Amino acid sequence: MLRMVALALTLPGLCLCSPVRADDAEDKAAAFVQKLGGKVTRDERAPGKPVVAVILFNTKVTDAVLKDLAPLKNLNKLTLLDTKVTDAGLKNLAPLKNLTALTLFDTPVTDAGLKELAPLKALTSLSLYRTAVTDAGLKELVPLKNLTALDLSRTRVTDAGLKELAALKNLTTLRLSGTPVTDAGLKELVPLKNLTALDLNRTEVTDAGLKELAILKNLTTLSLSTKVTDAGLKELATLQKLTALDLSGTKVTGAGLKNLAPLQRLTALNLNSAEVTDAGLKDLAALQNLTSLDLGFTRVTDAGLRDLAPLQNLTSLDLGFTKVTDAGLKELAPLKNLTTLRLNGTPVTDAGPNELAPLKSLAALNLGRTQVTDAGLKDVAALKNLTGLNLSETPVTNGGLKELATLQKLTALNLSGTQVTKDGVAELQKALLKCQIYGP
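For the sequence shown, position 412 matches number 412 in UniProt numbering, and the numbering has no gaps at all.
Careful, some of the hints might be misleading.
To be verified - Calculated lysine to aspartate or glutamate pairs in the EDC-like style (CA-CA distance at most 16 Å, straight line):
1) Lys115 to Asp87
2) Lys217 to Asp230
3) Lys282 to Asp307
4) Lys211 to Glu188
5) Lys163 to Glu188
6) Lys251 to Asp230
7) Lys187 to Asp207
8) Lys323 to Asp302
9) Lys258 to Glu235
10) Lys378 to Glu403
11) Lys139 to Asp159
12) Lys91 to Asp68
13) Lys378 to Glu355
14) Lys73 to Asp27
15) Lys384 to Glu403
16) Lys115 to Glu140
17) Lys67 to Asp27
18) Lys193 to Glu164
19) Lys49 to Asp27
20) Lys234 to Asp283
21) Lys384 to Glu355
22) Lys234 to Glu212
23) Lys169 to Glu188
24) Lys49 to Asp23
25) Lys187 to Glu212
26) Lys330 to Asp302
27) Lys139 to Glu188
28) Lys39 to Asp87
29) Lys258 to Asp283
30) Lys97 to Glu116
31) Lys384 to Asp423
32) Lys330 to Asp379
33) Lys139 to Glu116
34) Lys163 to Glu212
35) Lys163 to Asp135
36) Lys251 to Glu204
37) Lys121 to Asp135
38) Lys227 to Asp183
39) Lys139 to Glu164
40) Lys67 to Asp87
Because the hints were derived from the structure by calculation, they are not lab data.
Because the structure is a prediction, the values reported are computed rather than measured.
Kindly generate the complete structure, drawing on both the sequences and the hints.
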């Protein structure tokens, strides 16, 4: 018997030594990624716990690095952030047949590199944010029939290139933020009937182009931080499925808000830095499903806040850098469901937090850059459900911190730019063991 075993060990092709584990190569590739400072995610429930996601960032990541990812046969998500990967390196992705999501954020990839993505037939999500891609490169995406999400933000894509997207019938999300796309380009989006999310922030789109969006009946999220005015909002009336609308930085005023009344499913409205004033806020009462409203950096004052009372479903309200004062905060009392309130940069003083007492559900409160001092913290401490509190750049000192020690649900507290010292933070940390305190 021993002779037979010895013979077997000497015969070509026969070996009774321990076999190499099938995932050894994968483990080496994963270790290589981590050595570069990258992040690896494994599927803990699958046999062998295969690597399914990789994030690589910094300029040490080059084309050669991608070749070493070949053993990651189960990889379905690859994120490359601010790397030196070029067109030549993308051909090294060909073995990754299971890749469904690829992010090439801020890489020097150009049109020539996109043809190397053709073998990745399983791709459903592709981000080309701030790459050198132009109109000419978009035709190379046509073979990627399964794409549902495409990010072309901050690329050189123009109106002319958008016609190439017509072949991507399954697209549901398209981001064009920061591109030179104009009203004319929106006509090219008409074939994309399945679009549910469209980002046109910081494009050249105006009121005139919005009529082209009327055909996109399935839109639920629309970002229009552009040159849009009150008149343009009328064109959105047909988008009955909209749940989130971003009008930040637009020329929209209070007078235009009545044009949003048909959008009954709207749950999130961003008017940050728009030209909104108190006039017109009463027209928001028609939007009974609103849960999130951003009025930061607008000209809203105390007088306008009483018109928000009908919005009983609001859970998040941003009044940052408005002229809202202590007196106006009492108008928020009817908003019993508020969990997030931003008052940063307002003239709110110690008298203000007392007006927030009826808001028992508040979990996140931003009082940064207000005039709240130690004296006002007693009323802040009465908000027992707070998990996040921002007091940055306020006159708060060590003396007021004892009031915060009772906020046992706090997980994040910002004290940066205050008069609090390191010793004060250390003492408070003893009482708030689960809280991350940012400060001196």
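Right, here's what the structure says about each hint:
no.: 1; hint: Lys115 to Asp87; result: holds (9 Å)
no.: 2; hint: Lys217 to Asp230; result: violated (21 Å)
no.: 3; hint: Lys282 to Asp307; result: holds (5 Å)
no.: 4; hint: Lys211 to Glu188; result: holds (13 Å)
no.: 5; hint: Lys163 to Glu188; result: holds (5 Å)
no.: 6; hint: Lys251 to Asp230; result: holds (7 Å)
no.: 7; hint: Lys187 to Asp207; result: holds (14 Å)
no.: 8; hint: Lys323 to Asp302; result: holds (7 Å)
no.: 9; hint: Lys258 to Glu235; result: holds (13 Å)
no.: 10; hint: Lys378 to Glu403; result: holds (6 Å)
no.: 11; hint: Lys139 to Asp159; result: holds (14 Å)
no.: 12; hint: Lys91 to Asp68; result: holds (12 Å)
no.: 13; hint: Lys378 to Glu355; result: holds (12 Å)
no.: 14; hint: Lys73 to Asp27; result: holds (12 Å)
no.: 15; hint: Lys384 to Glu403; result: holds (12 Å)
no.: 16; hint: Lys115 to Glu140; result: holds (5 Å)
no.: 17; hint: Lys67 to Asp27; result: holds (15 Å)
no.: 18; hint: Lys193 to Glu164; result: holds (15 Å)
no.: 19; hint: Lys49 to Asp27; result: holds (10 Å)
no.: 20; hint: Lys234 to Asp283; result: holds (14 Å)
no.: 21; hint: Lys384 to Glu355; result: holds (15 Å)
no.: 22; hint: Lys234 to Glu212; result: holds (12 Å)
no.: 23; hint: Lys169 to Glu188; result: holds (13 Å)
no.: 24; hint: Lys49 to Asp23; result: holds (9 Å)
no.: 25; hint: Lys187 to Glu212; result: holds (6 Å)
no.: 26; hint: Lys330 to Asp302; result: holds (9 Å)
no.: 27; hint: Lys139 to Glu188; result: holds (14 Å)
no.: 28; hint: Lys39 to Asp87; result: violated (23 Å)
no.: 29; hint: Lys258 to Asp283; result: holds (5 Å)
no.: 30; hint: Lys97 to Glu116; result: holds (13 Å)
no.: 31; hint: Lys384 to Asp423; result: violated (25 Å)
no.: 32; hint: Lys330 to Asp379; result: holds (14 Å)
no.: 33; hint: Lys139 to Glu116; result: holds (12 Å)
no.: 34; hint: Lys163 to Glu212; result: holds (14 Å)
no.: 35; hint: Lys163 to Asp135; result: holds (9 Å)
no.: 36; hint: Lys251 to Glu204; result: holds (13 Å)
no.: 37; hint: Lys121 to Asp135; result: violated (21 Å)
no.: 38; hint: Lys227 to Asp183; result: holds (11 Å)
no.: 39; hint: Lys139 to Glu164; result: holds (6 Å)
no.: 40; hint: Lys67 to Asp87; result: holds (13 Å)
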